[in-house]
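Each of the two chains sits in its own frame; use the hints to bring them together as a complex.
Chains U and Z, in that order, are what the protein sequence lines are.
For the record, in the first sequence the residue sitting at position 186 is 186 according to the numbering used here, with numbers rising by one throughout.
For the record, in the second sequence the residue sitting at position 127 is 127 according to the numbering used here, with numbers rising by one throughout.
Hints in this document: simulated from the structure, not taken from any laboratory.
Even for Gly, the Cβ is constructed at its ideal location relative to N, Cα and C.
Check before you lean on any hint, since a few could be wrong.
[As the list claims (entries may be wrong)] What the simulated footprint calls covered on chain Z by chain U, stretch by stretch (three residues with Cβ under 8 Å from a Cβ of chain U suffice, anywhere in the stretch; the number is not a length):
1. 71–83
2. 94–101
3. 157–165
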Amino acid sequence: MDMKRILVYGELEKERLHPVSLELLSKAKEIFPESDVQFGMVLLGSGIDGAVAEAQKSGVDLVYLLDDQRLSVFHPEYFAAALIQAVKAFNPDLLLMGATYGGEELAPALGIRLKTGVAAHCTDLRLTKEGKLAQLVPAFGGKVIGEIFTPNTRPQIASIKPGMFLASPQEDKNASLSILDASLLDSVSQRIRVKGVNRKELSSLPVEKAEVVVCGGYGIGSPENWNSLEQLAGKLGGAVACTRPAIDAGWVGDESSMIGTSGKSIRPKVYIGVGISGATHHICGMKDAGLIVSINSDPNAECFNVSDFKVTGDGNLIVRSLLEALG
Amino acid sequence: MNIIVCVKPVPDPDKYNLLTIDPETKRLVREGIPTVINPSDKNALEEALRLKDLYGAKVSVISMTPLFSVDKIKQCLAMGADEGFVISDRAFGGADTFSTSYTLMKAIEEIGTPDLILAGNESADGATSHVPVQLAEWMSLPHITNVTVTEAFETKLHVRKKTEEGSVDYEIDLPAVLAVERNSNQPRMVTAKGMVAARSKSIRVFAKDDLDVDESLIGLCGSPTQPGELIVPNLKRASQELKGEPEEIAAQIITLIKKSGVAVAV
Numbered sequence: 001m002d003m004k005r006i007l008v009y010g011e012l013e014k015e016r017l018h019p020v021s022l023e024l025l026s027k028a029k030e031i032f033p034e035s036d037v038q039f040g041m042v043l044l045g046s047g048i049d050g051a052v053a054e055a056q057k058s059g060v061d062l063v064y065l066l067d068d069q070r071l072s073v074f075h076p077e078y079f080a081a082a083l084i085q086a087v088k089a090f091n092p093d094l095l096l097m098g099a100t101y102g103g104e105e106l107a108p109a110l111g112i113r114l115k116t117g118v119a120a121h122c123t124d125l126r127l128t129k130e131g132k133l134a135q136l137v138p139a140f141g142g143k144v145i146g147e148i149f150t151p152n153t154r155p156q157i158a159s160i161k162p163g164m165f166l167a168s169p170q171e172d173k174n175a176s177l178s179i180l181d182a183s184l185l186d187s188v189s190q191r192i193r194v195k196g197v198n199r200k201e202l203s204s205l206p207v208e209k210a211e212v213v214v215c216g217g218y219g220i221g222s223p224e225n226w227n228s229l230e231q232l233a234g235k236l237g238g239a240v241a242c243t244r245p246a247i248d249a250g251w252v253g254d255e256s257s258m259i260g261t262s263g264k265s266i267r268p269k270v271y272i273g274v275g276i277s278g279a280t281h282h283i284c285g286m287k288d289a290g291l292i293v294s295i296n297s298d299p300n301a302e303c304f305n306v307s308d309f310k311v312t313g314d315g316n317l318i319v320r321s322l323l324e325a326l327g
Numbered sequence: 001m002n003i004i005v006c007v008k009p010v011p012d013p014d015k016y017n018l019l020t021i022d023p024e025t026k027r028l029v030r031e032g033i034p035t036v037i038n039p040s041d042k043n044a045l046e047e048a049l050r051l052k053d054l055y056g057a058k059v060s061v062i063s064m065t066p067l068f069s070v071d072k073i074k075q076c077l078a079m080g081a082d083e084g085f086v087i088s089d090r091a092f093g094g095a096d097t098f099s100t101s102y103t104l105m106k107a108i109e110e111i112g113t114p115d116l117i118l119a120g121n122e123s124a125d126g127a128t129s130h131v132p133v134q135l136a137e138w139m140s141l142p143h144i145t146n147v148t149v150t151e152a153f154e155t156k157l158h159v160r161k162k163t164e165e166g167s168v169d170y171e172i173d174l175p176a177v178l179a180v181e182r183n184s185n186q187p188r189m190v191t192a193k194g195m196v197a198a199r200s201k202s203i204r205v206f207a208k209d210d211l212d213v214d215e216s217l218i219g220l221c222g223s224p225t226q227p228g229e230l231i232v233p234n235l236k237r238a239s240q241e242l243k244g245e246p247e248e249i250a251a252q253i254i255t256l257i258k259k260s261g262v263a264v265a266v
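Pulled out of the complex, with its shape left as it was, chain Z reads as follows (with noise of 0.2 Å):
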């Protein structure tokens, strides 16, 4: 089975109040916060890595990004993925989803078409949840989400998707396209073993003129949606201090409880 794993490598979410927005140029600073694989991108890599160490598989992981985040393709070479695709090109730049997931098609048509092709549910950044849905769109590939469990057969997975009543099963036929959920598995670690073999692995980088891309589709002229001005939310409140021993603070909790309007037995 060949597996193809979407990874995008994405400025650390668990520092994301450290970011500003420069008030000249009203553009992000995100100076001093590292840049890390998508948490749900590793998630989809341990599936494909599971199924490869349950049936035989070959693993390839696929990234549009800048040059400077490779380290990250190596990271997933080095927890066992096989070999790494980088699509690199200021043309690509300022790509929205629709753009983004066609170049990423384009890439793949380039590598061929797997069997199965699974990507983090949502980056940390962006947040869209559609690049795994476009991408199976663009390749007439049919796709679910919110994939939380996998189990593959010949030409076919039983997945299960999460939804707001519990859960819905589905058998799929491969080829297909899964957009897997944070906490689905545990991702493994890195070894130095893997880091070892990783050196032997090769990433292959694409750039514009690699693909047979259509230019009226590609980097930000190419997208349907186009961004404004960022906005920092204000959010502050009084953040008055509530002080004494904690059965005076308690009662003085009840009675902010009951002006705001809600009944309070006491």
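One chain only, chain U, in its complex shape (with noise of 0.2 Å):
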């Protein structure tokens, strides 16, 4: 079946297009860059001017727009019905989304709604000699990688990490703009009310956005260790991240710098992982660093064997080393 229609579930960051966004337009520009191919990107949110300005100038065709005071929080019946909606009125052949916290919930959601395949946390997307989409999802922590295929159903969905592709430059059109209408919203079933929005402290420099990642393991061994790797983190200038062990251990307050399958993907320039066994899940978000060195005691550390550069010994010590040649 051939791909003529492409639609972009715009995902926002406070009221700005998320950079998922962008990633996966670009993806699905260079898979399919015949000019018959329609793109369109669906913006759902309140008090979004911002975000629609990029997303008309981000390259598509097409942007609908429901800008609505009841899509201010993700609300998993809103934002599904306003999202069928703009499906319905673009008739995709296939349908990206981002996994976030809210894309995650609505792709599988879409699925059943529009009696179609969905492929989660696609790592590629790449057409196959026969002109098929392949879209390739990890399994098994990253170890495995398969093919899916949504052979008979459209649109065909898939969701895919955020930090996966690189967002290029795209041509410069304005894009139109559709309004959903919002009465839609009214035939929503009240069954969930949003009661509460609860920020934490966004780190100043996500693990995402940082060109250093010191990346700590199990193998820190205490709060004092895990106190100097962010140090050295910030004296590099970049940022401190984590395994689900160092979680674990108490050593770290929450996921939003954990790396790997169930975590973040990242692709710094540099990856400095320290007391790290290398658990596939993990090595699977951060194999697209640039430069990785892996300092760990055991000379078996599965990590090794992704490393540009490995160091046997002690952690600490390289770091406390590192920290008093930094100053």
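Written out as structure tokens, the structure is:
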């Protein structure tokens, strides 16, 4: 089946377009460069003029918008209803969504409502020799990548984690704007009600935006050593990241800096891993870094295989020496 | 309150680096890797048992799984669940999340719609996070995923969903489906007393003919997504050893960082 109409769900981040939306659009345009392919983007939110302007300049042909107070906070039922409306209006062959906390809930819901297949957390999309769209999904923590096809139902839906593709500049055109009818939200059931939003203090430099990432695992061993790791990241102008065991050990408060299949995927210029054994789910999140240096006392640590450089030894000693050298 | 918890036996996620692909058959070789209850499903079960301890509830577990994994359902009963249901038939094999959730819905219809359905947020093996949402959608029930906190009231729950910016608190009417985050609680251990109690608890098996299923929606043929080839990505890099005293190694690392185009002030 031909791919002639591609719709990207325009995920938002603080009333602006989330980078993943442009990453997905760039990838779709790379796979389908033909001039007769139509691209749409759908934006759902409240008070999002800034994002609308960005979307109109993003290189798509058509932007669908529903700007309504009821969409100011993610709500599984309102968002699914609105997104269905955009799908009906644009009639896409392919719907691409960021696998964010919201997108991850919407994509499978749409799969059932539209009776179609959804490929989850794709790491890549590519055309086979026969011209079929292969959606590459990680399984078993990323140890295996499986091709997924959706041969018979449309739109086929794929969710992709942020950071998988590079957003490249697109041709400058001004997309026309189509406003979805807000009254569609009136018929949505009131079974779920938003009671409050708790905003955590976000790091000034999130791991996915840092050029240098210093990542610590269980081998760090103590809160004091973790502190040194944070200092090192600071001196390098980078961010500190972690693996699941470091969270379980209590050295890191939440998962926002966790790297891996169930955390973030990063591609910094430099990744330095300290005290990380290299479980498959972690490697999957850092494999695209420019330079990978791993420090581990275990000469057989799995992470060494995927590293450009390795140091066999006490990571905390190296961290201390780095801190001294950096003054 | 009646609660159904969806659980999935999976290959032990701590041993995924032992998985290989048979070069001949291109199939996954998982020999020597034990089967365990999917980690976040244990959190879902714990949440159900916590609600049972607080308010009283009947907790059932359900799993679509080959019969050899039935001991994992027994383990759930030993943790404190009251009864088990296993959906097992060759006809269900190869199901994607669309047809798995359809089949689960059909089995739950047979059992009777509970007040609350809980599931782990994602399975360790496929990790799509689809099944809880898709089950809810088939059943036309409200759903919330990435749930970290649950508080029960008579006909509704207060739940917290994790988001990029922090979290959102929702009130959700029952019946509903919640997908529970890993680490949202500490699943209880199996005790000897629990194991003894589990012996007198029932596990009912549903085969295809026990369920009122539309055959065009089950198994591999009823799945809108179809698997292609499996690939083991080759991520190998040079793995060159840096040697010397810690301060010498530190100097080498700083040089490498600079070479990568990152400005470092020394």
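Hint-by-hint comparison with the structure:
With a cut-off of 8 Å between beta carbons, the stretch 71–83 of chain Z has 0 residues touching chain U; three or more are needed, and the interface restraint is violated. Figure legend: the stretch 94–101 of chain Z, annotated as covered by chain U; annotation consistent (4 residues with Cβ-Cβ distances under 8 Å, at least 3 required). Check result for the stretch 157–165 of chain Z against chain U: holds, 7 residues qualifying (beta carbon to beta carbon below 8 Å, three or more required).
The structure shown violates just one earlier hint, number 1.
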